[in-house]
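As you go down the protein sequences, you meet chains F and S in turn. With the working numbering as the guide, the letters of the first sequence map in order to residues 521 to 676. With the working numbering as the guide, the letters of the second sequence map in order to residues 2 to 177.
Don't read these hints as lab results, they were simulated from the structure. Any given hint might turn out to be false.
[To be verified] Some chain S residues close to chain F (C-beta under 10 angstroms, calculated; not the full set):
{"id": "1", "residue": "43"}
{"id": "2", "residue": "144"}
{"id": "3", "residue": "157"}
We treat Cβ as the ideally placed atom computed from N, Cα and C, and that holds for glycine.
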Amino acid sequence: MGASARAGGAESAEVTALQAALAAENAAIYGYGLAGAQLSGGQLTAARQDWTVHRIARGTVSAMIAERGAQPAAAPVAYRPPFPVTSAGAAASLAALLEDGLVTAYLGLVGRDALALRAFGAQQAQAAAIRAAFWRGGTTAFPGLPASALRTPRFG
Amino acid sequence: MTEWLTLTRAVPRRRVLAVSAMMMPLAATASCGVPDPLAPPPGPSPSVRALLAAIAAEQALLGSYARVLAAYPGLAGMVHPFRAQHDEHLAQLKGRLIIPPHVTPPPPSPAPQPAHRPASARAATGLLASYERAAAAAQLGRLGAATPSLAQLLASIAASEATHAVALAALNPASG
Chain F
521 MGASARAGGA ESAEVTALQA ALAAENAAIY GYGLAGAQLS GGQLTAARQD WTVHRIARGT
581 VSAMIAERGA QPAAAPVAYR PPFPVTSAGA AASLAALLED GLVTAYLGLV GRDALALRAF
641 GAQQAQAAAI RAAFWRGGTT AFPGLPASAL RTPRFG
Chain S
2 MTEWLTLTRA VPRRRVLAVS AMMMPLAATA SCGVPDPLAP PPGPSPSVRA LLAAIAAEQA
62 LLGSYARVLA AYPGLAGMVH PFRAQHDEHL AQLKGRLIIP PHVTPPPPSP APQPAHRPAS
122 ARAATGLLAS YERAAAAAQL GRLGAATPSL AQLLASIAAS EATHAVALAA LNPASG
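Here chain F stands alone, though its shape is the one from the complex (with noise of 0.2 angstroms):
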């Protein structure tokens, strides 16, 4: 009993990882399109590509979460932007937005102790961050982690 009722515990931490990543996959589908009215030419077709690679995402991750036994949550039907995409450097901040929450999303999923969760999650994360690094323009050194995550160095 006390096996199972841990490993059921891993296993509900493991639907809640996952239904974070799908929720923002959601979001990302719904903000990808409202970015792609206000963009053109490259950005405009890299936008629909990363629209597209969203999709399949969400496509995996529901069945992932399905195959736990649970139930992929519904994505709203709007969402309500941060700020207003009315220009093509407003679309670019909203796509860096929406894959810096992706990356963090799946860093939950290396959080988890499954190797194979881990694994997937790394993968994503990174998929993720190169395409925030490209709406950006520039890299970061912690793609994901939350500033409350990394600790001062100490010097000494």
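Starting from the known structure of chain F, arrange chain S on it as the hints suggest.
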């Protein structure tokens, strides 16, 4: 056995008793699977070994940047953001390492040595891109041994290195 009997006969009985009492805990621990106090201290845990390997890898990568910049100083400005982010990675990883005073940390493993000076600045940034890609892939190999919190840090660093690889590969420095 004979030697033991000879010994007991040779020393006063009180001293034999004292020695036996001293030996008893050792005999008991040997038979019960309790940690042996005479065994050498256990080596670092798998997670600490993963952390040490990640630190060595960051040091190796910084060494590669130093060598490439020695050959092509003109690239310094272009690759500065990546190098600075590696300094941040190293500081963060080292901040997680607590070394007991009696333990000597292993020396950093040698950085990958290019067979010869890259033929051009473009080849040099391409070389750094390939090191970054390899470093990101190696981080993923360390995830299984790491604690959840260290695994998340290593995966984030790997993601950063993957973005460096893409950015470096896209650079088109003037040859020189």
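Cross-check of the supplied hints:
A cut of 10 angstroms between beta carbons decides the hint on residue 43 of chain S: the least distance to chain F is about 22 angstroms, and the hint is violated. Hint on residue 144 of chain S holds. Least Cβ distance to chain F is approximately 5 angstroms, under the 10 angstroms limit. This hint holds: residue 157 of chain S has a C-beta 5 angstroms from the nearest C-beta of chain F, less than the 10 angstroms allowed.
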